[in-house]
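Respectively, the protein sequence lines represent chains A and B.
The letter at position 386 of the first sequence is residue 385 when you use numbering that gives the first Met the number 0, and the numbering goes up by one with no holes.
The letter at position 366 of the second sequence is residue 365 when you use numbering that gives the first Met the number 0, and the numbering goes up by one with no holes.
Any given hint could be a false lead.
It does not matter which identical chain is meant; a pair holds if it fits inside one copy or across any two.
Restricting the straight-line Cα-Cα distance to at most 30 Å, the calculated cross-link-like pairs of lysine-lysine (DSSO-like) are [as the list claims (entries may be wrong)]:
#	residue 1	residue 2
1	K24	K312
2	K100	K387
3	K100	K326
4	K326	K58
5	K323	K109
6	K387	K312
7	K164	K24
8	K316	K100
9	K316	K220
10	K125	K164
11	K312	K403
12	K58	K24
13	K100	K220
14	K301	K58
15	K24	K278
16	K125	K109
17	K326	K220
FYI, nobody ran anything at the bench for these hints, they're computed from the structure.
There are 2 protein chains.
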Amino acid sequence: MALVVQKYGGTSVGTIDRIRNVATKVAGFREQGHDLVVVVSAMSGVTNNLVSMANELQKEPSPREMDVLLSTGEQTTISLLCMALENIGVSARSYTGGQVKILTDSAYTKARIVNIEDSHIREDLKQGRVVVVAGFQGMDEGGNITTLGRGGSDTTAVALAAALKADECQIYTDVDGVYTTDPRVVPEARRLDRITFEEMLEMASLGAKVLQIRSVEFAGKYNVPLRVLSSFDDGPGTLIVSEEESMMENPIISGIAFKRDESKLSVIGVPDVPGMAYKVFGPISDANIEVDVIVQNVGEDKTNDISFTIQRKDSEKAARILEKVVKELGAEGVEVDNHVAKVSLVGVGMRSHAGIASRMFGALAAESINIQLITTSEIKISVVIEEKYLELAVRALHTAFGLKDAP
Amino acid sequence: MALVVQKYGGTSVGTIDRIRNVATKVAGFREQGHDLVVVVSAMSGVTNNLVSMANELQKEPSPREMDVLLSTGEQTTISLLCMALENIGVSARSYTGGQVKILTDSAYTKARIVNIEDSHIREDLKQGRVVVVAGFQGMDEGGNITTLGRGGSDTTAVALAAALKADECQIYTDVDGVYTTDPRVVPEARRLDRITFEEMLEMASLGAKVLQIRSVEFAGKYNVPLRVLSSFDDGPGTLIVSEEESMMENPIISGIAFKRDESKLSVIGVPDVPGMAYKVFGPISDANIEVDVIVQNVGEDKTNDISFTIQRKDSEKAARILEKVVKELGAEGVEVDNHVAKVSLVGVGMRSHAGIASRMFGALAAESINIQLITTSEIKISVVIEEKYLELAVRALHTAFGLKDAP
């Protein structure tokens with residue numbers, strides 16, 4: 000008998016029928032003797048409807064009131080799921096974030112969890128009840144409703160699992176696990192049985208969006224075994240664990256992540272004196288433009304070229320900012336390329352294996368794909384290439400590193 | 000500068016545009032220097048949608064979860080109204096029932112208010128904020144969400160007005176006040192400037208549904224001046240006050256209430272021994288059938304006829320129950336008439352005026368309307384008549400008592 004925290008996302012509870020399916024699934028786990036805490040999101044579409052009502056009323060809706068509004072979505076789901084459970088004879092009780100209570104700071108629309116009181120939940124579990132908790136929401140010290148921001152329900156689930164010292168936190172989604180890469184690009188992409196927190200972070204932040212990155216960080220920090228699995232099919236999913244608990248011999252490469260719709264901007268001929276990078280990225284950051292890859296290279300003439308990538312939608316704005324910066328810095332100019340993409344190899348195993356980078360570059364060269372930027376970290380290597388070669392590059396790397404076969 | 004509690008019902012906040020209108024109205028009151036607490040219902044239609052989702056999942060949804068579900072309706076409205084207010088420069092803050100907090104007992108779906116903490120609200124008012132409170136909901140001592148049952152938002156408004164010792168509680172609806180009778184039946188029906196709590200109770204319970212009866216009782220008990228007015232038109236509405244604060248000389252009759260779709264059931268020849276009434280009405284009450292008028296008359300042969308009226312939809316069920324009761328009691332039989340209606344004269348003035356009843360019977364006789372049952376209380380006289388004469392009777396009485404002219 001284990002204590003399991005399960006999280007079902009918006010698609011999994013998107014209709015009354017699907018809520019009924021989740022109830023059946025939960026009842027099955029109960030029958031196996033597990034204690035269950037179930038975290039749910041708003042039914043898919045509900046949050047968007049609420050947001051559009053808010054936007055009709057106020058251009059930048061009051062963050063406090065936005066949280067009061069949005070939190071109704073999950074509150075609706077918890078009560079409906081409890082009804083579905085009780086209808087099939089499973090005793091259940093719902094809690095809003097505030098009722099648990101999940102104490103957060105007061106950063107409305109992007110609050111951070113500060114503490115979780117587990118007394119109500121423990122008492123209910125002892126009484127044999129399934130506890131259903133509204134994801135994505137909490138309450139600050141003043142009793143104000145807060146929300147955790149995008150993907151916050153995953154974070155709620157992991158935080159509850161950590162607070163309750165649950166045996167496993169299961170995240171049910173519309174995919175059946177984490178894949179070596181996107182199966183829409185590489186049909187023979189393989190579901191991973193296990194992946195480390197660190198690899199998952201790199202995969203998630205690089206565009207293979209299965210789990211909210213914050214929840215993975217949280218799980219890693221508190222060492223909560225996290226499993227991603229499908230709410231529609233049966234299957235073991237992918238277990239995300241700490242490196243120690245991973246396999247004895249890690250695979251060299253776990254997966255290939257990629258990101259489309261990027262723009263590359265380069266500031267050419269920046270004088271090689273301290274403070275230049277700050278002068279370039281300060282104004283970009285002030286304009287709320289998220290920067291992804293940054294590469295700087297000293298040229299022969301004691302000037303630097305600084306290149307970076309951003310989401311394509313921000314490209315024009317960033318270019319306008321850089322035109323000014325170039326004048327201030329006495330740099331030579333700005334180059335913008337709106338047709339790039341990023342491909343990354345991820346794997347904790349690469350730390351102990353030399354030659355991964357050269358094998359990667361070799362595989363790309365064999366397909367005549369030109370590499371524009373390269374960055375590396377301990378467990379990933381990323382390259383920026385012309386976007387039209389993206390699929391070709393991912394497939395070539397998937398084959399070159401033998402990812403379709405289990406290690 | 001006064002402290003006013005305003006309540007806007009589901010129709011008044013039924014669309015984004017209407018929420019905007021309410022905000023404009025509230026802003027106008029603020030400009031006049033009033034302190035405002037605004038209570039809102041769920042947008043019209045929302046509650047019904049939630050109920051039908053619940054019914055899809057469970058035949059008799061868990062009352063606790065039903066309250067968790069339904070309370071999201073008002074929570075949505077409070078946040079949207081605050082956004083609409085802030086958008087036009089009015090500082091505002093929303094509170095759910097639990098946040099206020101409005102403490103209730105634990106009778107889910109029909110909870111009673113036990114206490115209201117006013118500290119948050121007073122602090123906000125001091126800060127110059129409009130306070131927007133979710134109607135219809137509260138929280139019990141265990142922190143569970145409760146709802147107050149049908150029309151509970153009116154009760155929330157009156158209870159808040161009582162707790163805050165507000166100068167007036169204004170209930171905005173889709174009618175512009177309380178009328179001498181239904182204007183759809185009598186076109187010259189007149190809006191009353193004032194009416195006493197007692198009269199309003201009789202008017203409301205008799206079918207002139209403007210205000211929830213519980214809120215009127217509450218207002219009467221705590222002597223909260225209550226005003227009913229339209230959220231769509233300007234106008235003074237109708238002020239509901241205690242008798243002492245009413246006019247020096249009360250009008251004899253304030254209004255005519257009526258109720259359609261009634262059935263009359265008579266148990267004939269009930270032996271005249273104690274306990275008979277209980278034996279008749281016990282099983283009716285156990286079947287959750289609401290009884291309206293009850294009349295009992297001793298006949299010449301030491302047996303009673305007991306007649307009563309109920310809503311027509313319950314007629315068949317009640318008749319089946321009575322068939323059994325008749326055998327047990329040794330009564331003669333049951334008569335059912337599914338085509339009756341009730342008409343009532345209401346007025347505190349009738350206490351000090353003789354001859355009202357005979358004037359009423361005379362007016363009906365002049366139209367050849369047969370009276371089937373008569374009941375009287377201190378401030379009302381009700382008759383049950385054949386339903387097809389209902390409109391005729393109401394018009395005749397409206398004229399006979401000169402209600403179209405202000406007193």
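Please work out whether the CA atoms of K323 and K109 approach to 30 Å or closer within one copy, between two copies, in both situations, or in neither? neither (32 Å within a copy, 65 Å between copies)
Which holds for K24 with K278 at a C-alpha limit of 30 Å: within a copy, between copies, both or neither? This pair counts as neither: shortest intra-copy Cα distance 54 Å, inter-copy 50 Å.
What label fits K24 with K312 when the C-alpha limit is 30 Å: within, between, both, or neither? neither (41 Å within a copy, 41 Å between copies)
At 30 Å max between alpha carbons, let me know whether K100 reaches K220 within a copy, between copies, both or neither. within (21 Å within a copy, 37 Å between copies)
Quick one: K100 to K326, C-alpha cut-off 30 Å, is that within a copy, between copies, both, or neither? neither (53 Å within a copy, 59 Å between copies)
Checking K125 and K164: alpha-carbon separation at most 30 Å within a copy, between copies, both or neither? For K125 and K164, only the intra-copy Cα distance (15 Å) is at most 30 Å; the inter-copy one is 45 Å.
Homo-oligomer pair classification [K387, K100; C-alpha up to 30 Å]: neither (49 Å within a copy, 59 Å between copies)
Homomeric proximity label, K326 with K220: Cα distance no greater than 30 Å: neither (44 Å within a copy, 76 Å between copies)
Could you place K164 and K24 in one of the four classes (within, between, both, neither) given a Cα distance threshold of 30 Å? within (22 Å within a copy, 52 Å between copies)
Indicate which option fits the pair K301, K58 if close means a Cα-Cα distance not exceeding 30 Å: within, between, both or neither. Classified as neither; 48 Å inside a copy, 78 Å across copies.
With identical chains, the pair K58 and K24 could be close in the same copy or across copies; at 30 Å between alpha carbons, which is it: within, between, both, or neither? Classified as between; 20 Å across copies, 41 Å inside a copy.
If the cutoff is 30 Å on CA atoms, where do K125 and K109 land: within, between, both or neither? Let me know, please. between (33 Å within a copy, 29 Å between copies)
The structure is inconsistent with the numbered hints 1, 2, 3, 4, 5, 8, 9, 11, 14, 15 and 17, although it conforms to all the rest.
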